[in-house]
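Given the coordinates of chain B, assemble chain L onto it according to the supplied hints.
There are 2 protein chains.
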Amino acid sequence: MSVLRIAVDASGGDRGVRSILPAVDRAARHYANVEFHVYGDTSIEPEIERCSFAQSRHNIVVHRAGVSVEMDDSPVSALRHKRDSSMALVLKAVADQQVDGCISAGNTGALVAMGMHFLSCYEGLERPALCKAIPVVDAQVNRYKDSHILTQSYLLDLGANANCSAKQLAQFAALGATLCAVKDNQSQPSVRLLNIGRESLKGSSVIQQASLILDEKSALRYDGFIEADQIFQGLADVIVCDGFSGNIALKASEGMARLVSHRLKQAACDGVINRSLAWLASPLIKQWQKSISPDQYNGAYLLGLKGTVVKSHGAADQQQFFYALKLLIDQVSQHAKYPVNEMETRFQQAIGSINN
Amino acid sequence: MSVLRIAVDASGGDRGVRSILPAVDRAARHYANVEFHVYGDTSIEPEIERCSFAQSRHNIVVHRAGVSVEMDDSPVSALRHKRDSSMALVLKAVADQQVDGCISAGNTGALVAMGMHFLSCYEGLERPALCKAIPVVDAQVNRYKDSHILTQSYLLDLGANANCSAKQLAQFAALGATLCAVKDNQSQPSVRLLNIGRESLKGSSVIQQASLILDEKSALRYDGFIEADQIFQGLADVIVCDGFSGNIALKASEGMARLVSHRLKQAACDGVINRSLAWLASPLIKQWQKSISPDQYNGAYLLGLKGTVVKSHGAADQQQFFYALKLLIDQVSQHAKYPVNEMETRFQQAIGSINN
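Heads up: the protein sequence lines correspond to chains B and L, in order. The first sequence begins at 1 in my numbering and counts up one residue at a time. The second sequence begins at 1 in my numbering and counts up one residue at a time.
Bound conformation, chain B alone (with noise of 0.2 Å):
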């Protein structure tokens, strides 16, 4: 089996080094395979020492970056200022072909300027837009048209772009569509617009405008709105919204996974009964909760790069920044079956004519 080779920024994030670096460690037990290149400033030495990986496993690397990028640092700055932070020299270690792809817990502003620095968009594309597979209710066959079984959906963007414009949100429909054609061999992949109402004249008038290029001017295939209560019900193989309503539709929902499983605690030691129901089906409880926990489903692509780049939640636990790097090491073992120019000439189909 070949070497996969992995890039970690390990300074990003709210928790930086003392969630990201166990993480790798069990990353690097767990896949024998891979290499995991990671960068830091000064500051993760004391943390390496403390677990003193580096030295036990054969598969790590370490790098020392100049600086880290701060979670308050502005996009533009970040650009100008860090060009050798721990973010800065994993992208680079992509575009230079060091590495089949990298991470970071970081902020995402300045991942996203940096990333389009370092590896630019594909051609056609105006910025690269967060994405991730969401669970849908059942592997249950698409309820609107004659077609395939919908066991995920994927929704962009996730908040790599606060405010879009209806061209990009018509890209970026292009984009999650090429993702879903390419990764779950989707010859037709579903697309539809998150909007707060499913009338033609609900929305602003720039989601408007989305739905009409999409309507008129793509080759997609193109189902008109959805609404947030709708995501999980495996309507459509792509869900597109700005990062601003990507994000907090994907954090609401996994606000109300925590209560309910926090409100089933509750129910569950009031009084003698409940406890002794909820000891008998403790195994169905651990099971269900494990199924719906949010935490399985960190890391998203940031999509539209020429190179694979995956983005971490910034306020990652380890167990959360393991799932995200099991994303990408999954997402680079299968670039020999699609490489990423292959993904941007599908993109290019994809997008037929909506940018003009």
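Since the hints were made in silico from the structure, they are not lab data. A couple of the hints might just be wrong.
The list cannot tell twin chains apart, which means a pair is met if one copy fits it or any two copies do.
Stated by the list, open to error - 30 Å max Cα-Cα, derived DSBU-like pairs, lysine-lysine:
#	residue 1	residue 2
1	K265	K337
2	K167	K217
3	K290	K217
4	K326	K286
5	K306	K290
6	K337	K326
7	K306	K326
8	K326	K167
9	K265	K290
10	K326	K92
11	K183	K290
12	K183	K92
13	K286	K265
14	K92	K290
Model, not experiment: these values are computed from the prediction.
Coordinates of chain L only, in the frame set by chain B:
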């Protein structure tokens, strides 16, 4: 006990009379001291005959409206051409003080436009906002400050205004704080703005501007940004956002609540052991499912109008519409404690120099 009077728009919503009339029938049995004035066009008559409810209940009065506002009518056209619609008539009934409050499941844009026309907004408020109480993880002490105990948070706007200016967001903060102060007797409710990050540079320029206004010009207790995964954590009494984001946050979390419930059912059917465990724990699971069901949270206040208006989800079924009726009845039954004009007076104080 004095008689309360409410007006019901029976023609609004996706399911129209078929869910609304049975819900009214049920509510009329339940609330003998409430007079239900039901407004509908001719299309409601077969349904009235079918359930023959008006005859059997002394506290239901049916009124004939000329037309219905359709879900795809534009607000302007509804306001111009449908002044004898059931939606217009329920609002007029509030304006003329024939009833204490009204409810509609119809077109939100039209309801807002007609509400502003027939009832007017509070002095100093540009637009009304949809607001509702959302559940939080616990009756816990607010973690951030000295502070009071939080059992719910108010989220607004939920879809009355797809786009908002910074000033409008600040006005909504004052509106939510007023509701919280008057209804829950909070002397200094905490207010936060929903954003895609907590750092000051995050989000759109509108939201940054709103943050500045709240910080510098308002007398409200403003505690900064909150992310969507925290909205159920009880970190603020009032959470403010534009109607697009609020609608997405609320509906995405409803979708997630349904997904996790579905997943639990699925896990409970998976093999003989799980089926037995689920059977044993079914009282616990039912109790929990009832506590998290989004159905019971149907209904939002259309806040900031000189009259009490509740909006039901357009797709509400009978059970859900019943909960929205309950919300309206609870609200109007508290008018003795805090009349509508008391709300407006308090709002004027809360708004401080936001508008300057």
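Inset, instruction - List, from low to high, the hint numbers that the structure doesn't satisfy. - result: 1, 3, 5, 8 and 14
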